[in-house]
Amino acid sequence: MKKEHQIILDLIASYLEQKPDQRFGQALFNLNVNEFQETIDPRNPNYNIRDIHGDNDLEIIERIKNRLNLMNS
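If you're matching positions, the sequence shown starts at -16 in the working numbering and goes up one per residue.
Don't take each hint at face value.
[What the hints assert, rightly or not] Label pairs and their in silico Cβ distance ranges:
no., residue 1, residue 2, range
1, Thr22, Met(-16), 13 to 21 angstroms
2, Arg33, Glu(-13), 14 to 22 angstroms
3, Pro25, Glu0, 16 to 24 angstroms
4, Asn55, Asn27, 19 to 27 angstroms
5, Asp40, Phe19, 17 to 25 angstroms
[Stated by the list, open to error] For lysine-lysine, the following BS3-like pairs were computed, each having C-alpha atoms within a straight-line distance of at most 25 angstroms:
no., residue 1, residue 2
6, Lys(-14), Lys48
7, Lys(-15), Lys48
8, Lys2, Lys48
In case anyone wonders, no lab produced these hints; they're calculated from the structure.
As the structure is a prediction and not an experimental result, all values here were calculated from the model.
Beta carbons: idealized from backbone N, C-alpha and C, even for Gly.
Full structure from sequences and hints, please.
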């Protein structure tokens, strides 16, 4: 396992310890691991999940940390 993988898992684990009522999929979405595709026209929102296959681990770590900072502020 890469160091970045462990960081991601630790961030998710810490979040779920604080919110044990959430399902794992909810945690991934709430931490911005998974995201909706960008909506171009606000009158026609896009509720499809964006493919994160090309996202590197550091981008995912940064998204999680940014989301946690928003939640804690």
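Range agreement (Cβ of Met(-16) with Cβ of Thr22, hint 13 to 21 angstroms): 35 angstroms, violated
Per the hint of 19 to 27 angstroms, is the separation of the Cβ atoms of Asn55 and Asn27 within bounds? 33 angstroms, violated
So if I understand the rule, the pair passes when the alpha-carbon distance is 25 angstroms or less; does Lys2 with Lys48 pass? 16 angstroms, holds
Is the gap between the beta carbons of Asp40 and Phe19 within 17 to 25 angstroms? 21 angstroms, holds
Quick one, are Lys(-14) and Lys48 close enough, alpha carbons at most 25 angstroms? Distance ~16 angstroms between Lys(-14) and Lys48 Cα, so the pair holds.
Cβ distance range 14 to 22 angstroms for Arg33 and Glu(-13), holds or violated: At roughly 20 angstroms between Cβ atoms, Glu(-13) and Arg33 fall inside 14 to 22 angstroms, so the hint holds.
So the hint says 16 to 24 angstroms: do the beta-carbon atoms of Pro25 and Glu0 match that? 36 angstroms, violated
25 angstroms Cα cutoff - pair Lys(-15), Lys48: Holds. Lys(-15) to Lys48 sits at ~18 angstroms (cutoff 25 angstroms).
In summary, the numbered hints that this structure violates are 1, 3 and 4.
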